[in-house]
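Those protein sequence lines, which keep their order, are chains L and F. Position in the first sequence counted from 1, then plus 202, gives you our numbering. Position in the second sequence counted from 1, then plus 202, gives you our numbering.
A couple of the hints might just be wrong.
Put simply, identical chains are the same to the list, so a pair is met inside one copy or across any two.
To be verified - Straight-line distance between alpha carbons at most 30 angstroms, and here's what the computed DSS-like set of lysine-lysine pairs gives:
id	residue 1	residue 2
1	K446	K349
2	K446	K398
3	K446	K347
4	K398	K350
5	K349	K398
6	K347	K450
7	K450	K398
8	K347	K398
No lab work stands behind these hints: they were computed from the structure. Fair warning: this is a prediction, and the values are worked out from it, not measured in the lab.
2 protein chains.
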Amino acid sequence: RIVAEVERLLALPKQDDPLSGQPDFAADAQRVSTALETNGVHLAGRHILITAGPTHEPIDPVRYIANRSSGKQGFAIATAAARAGARVTLIAGPVHLPTPEGVTRIDVQTAREMLSAVEQALPADAAIMVAAVADWRTADAADQKLKKDGSGQPAPLALVENPDILATLGRHAQRPALLIGFAAETQNIAGHAQAKLARKGADWIVANDVSGDVMGGDANTVQIVTTSGIETWPALPKGEVADKLIAKVADVLTPRSD
Amino acid sequence: RIVAEVERLLALPKQDDPLSGQPDFAADAQRVSTALETNGVHLAGRHILITAGPTHEPIDPVRYIANRSSGKQGFAIATAAARAGARVTLIAGPVHLPTPEGVTRIDVQTAREMLSAVEQALPADAAIMVAAVADWRTADAADQKLKKDGSGQPAPLALVENPDILATLGRHAQRPALLIGFAAETQNIAGHAQAKLARKGADWIVANDVSGDVMGGDANTVQIVTTSGIETWPALPKGEVADKLIAKVADVLTPRSD
Numbered sequence: 203r204i205v206a207e208v209e210r211l212l213a214l215p216k217q218d219d220p221l222s223g224q225p226d227f228a229a230d231a232q233r234v235s236t237a238l239e240t241n242g243v244h245l246a247g248r249h250i251l252i253t254a255g256p257t258h259e260p261i262d263p264v265r266y267i268a269n270r271s272s273g274k275q276g277f278a279i280a281t282a283a284a285r286a287g288a289r290v291t292l293i294a295g296p297v298h299l300p301t302p303e304g305v306t307r308i309d310v311q312t313a314r315e316m317l318s319a320v321e322q323a324l325p326a327d328a329a330i331m332v333a334a335v336a337d338w339r340t341a342d343a344a345d346q347k348l349k350k351d352g353s354g355q356p357a358p359l360a361l362v363e364n365p366d367i368l369a370t371l372g373r374h375a376q377r378p379a380l381l382i383g384f385a386a387e388t389q390n391i392a393g394h395a396q397a398k399l400a401r402k403g404a405d406w407i408v409a410n411d412v413s414g415d416v417m418g419g420d421a422n423t424v425q426i427v428t429t430s431g432i433e434t435w436p437a438l439p440k441g442e443v444a445d446k447l448i449a450k451v452a453d454v455l456t457p458r459s460d
Numbered sequence: 203r204i205v206a207e208v209e210r211l212l213a214l215p216k217q218d219d220p221l222s223g224q225p226d227f228a229a230d231a232q233r234v235s236t237a238l239e240t241n242g243v244h245l246a247g248r249h250i251l252i253t254a255g256p257t258h259e260p261i262d263p264v265r266y267i268a269n270r271s272s273g274k275q276g277f278a279i280a281t282a283a284a285r286a287g288a289r290v291t292l293i294a295g296p297v298h299l300p301t302p303e304g305v306t307r308i309d310v311q312t313a314r315e316m317l318s319a320v321e322q323a324l325p326a327d328a329a330i331m332v333a334a335v336a337d338w339r340t341a342d343a344a345d346q347k348l349k350k351d352g353s354g355q356p357a358p359l360a361l362v363e364n365p366d367i368l369a370t371l372g373r374h375a376q377r378p379a380l381l382i383g384f385a386a387e388t389q390n391i392a393g394h395a396q397a398k399l400a401r402k403g404a405d406w407i408v409a410n411d412v413s414g415d416v417m418g419g420d421a422n423t424v425q426i427v428t429t430s431g432i433e434t435w436p437a438l439p440k441g442e443v444a445d446k447l448i449a450k451v452a453d454v455l456t457p458r459s460d
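Let's have the full structure, built from the sequences with the hints guiding it.
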């Protein structure tokens, strides 16, 4: 019975998950842990704040605007940080992922809820903002289901800008010592990331190209954009991106004495 | 290891699934099957076409408009129909559900893809349109990720009406003998359903009230609206709604000789 249940659960379709096909992070965790320990990465006593997943912005009781994000990269980073000994707070939008071991998880739906949860989780030594937060929400979410009016010409959907969580942290009285943003781009990747770095007051931007097959593939090619330059990493599984990023965070927060 | 994996998979969070907390249909299937067999329901040789789940309408490569729908009611109906002996084609929007045994499943993302798949699956003896199809899509899905323009005043999102799958079937040259629509409503449930019945050219509308706690609860209260009146069913698990509906379909397609 149990084997049949495993097979049923493993057969669950993932066709609406743009990051399906990524490596399995539960299986990956042991490898990450070993690699971090081998390299002497430790974040004991540090508080790392991580956001992950999309946000859902309601249009009416049955409709919403969403971002394509499985949350896997953010959850992998939370896993790596916890295994490196950090206290980890993970603010997660709506995703289908288990909570990594040793991680405090807070679930939210909208950008405003995510910002509120982030501010409540401060202070933190580092904040890694991986979530694909909706730039806009509807101006007035309707209490009742919107109906077609028969004209065939639906009214345009009025939008307002959401709060910018990364920029809010960048100028916050309790700004973390290390503030890292993510940028999913489809064009001019490094250029957009450099502009974002300055505009948001972040220390690093992890830029990744989500054009083409990247969102459905096994590997992620990222560039780490800082004020001192651009570091381009090779195509890596998301688990290894998490591993390298947490090692780099530890280098800043806990310089190795060797 | 297998037990740990089952526990990990069973612990997968469901917080963005508005129908989480519904009964488990794998566990329910045996009961449904027994009930149908006990009551002599059979649909052998019949082709039943079912849609389920939401549709996702792209705004740009990373954003989309979605409906809240887990697909569970439609999948439960497909399960019941297959166990009653029908040939079942299930056109599914993006959901996290396993394919019921003996069901031919076709996965789609948008309303237009769903309509195309439905038309290709014809002819059918009965069509049960359970999917929460988006009424609107964006007028022009962008090829590149839309950026904030710095004004703080995003442009409204221009929408156009999607094709109406139920109404298209209602006037189709290959209209199924029995055409059933679903209506998720938050107010004036029966009134909206009666109007929809006439407007769409359907035989029955299964109306359910999605205001309040219904979407997150274990039970579903539906009304079956036909030209001859309204039948109100008690609050039932989704599996039992499927069971009763398929028995009612069989009564029409395969009148019992007892």
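Hint by hint, here is what the structure shows:
1. K446 / K349: between (49 angstroms within a copy, 29 angstroms between copies)
2. K446 / K398: Answer is within; shortest intra-copy Cα gap is 22 angstroms, inter-copy 56 angstroms.
3. K446 / K347: between (46 angstroms within a copy, 27 angstroms between copies)
4. K398 / K350: Classified as between; 12 angstroms across copies, 39 angstroms inside a copy.
5. K349 / K398: between (39 angstroms within a copy, 12 angstroms between copies)
6. K347 / K450: between (48 angstroms within a copy, 29 angstroms between copies)
7. K450 / K398: Close inside one copy (20 angstroms), not across copies (59 angstroms); limit 30 angstroms.
8. K347 / K398: Intra 37 angstroms, inter 15 angstroms, cutoff 30 angstroms: inter-copy only.
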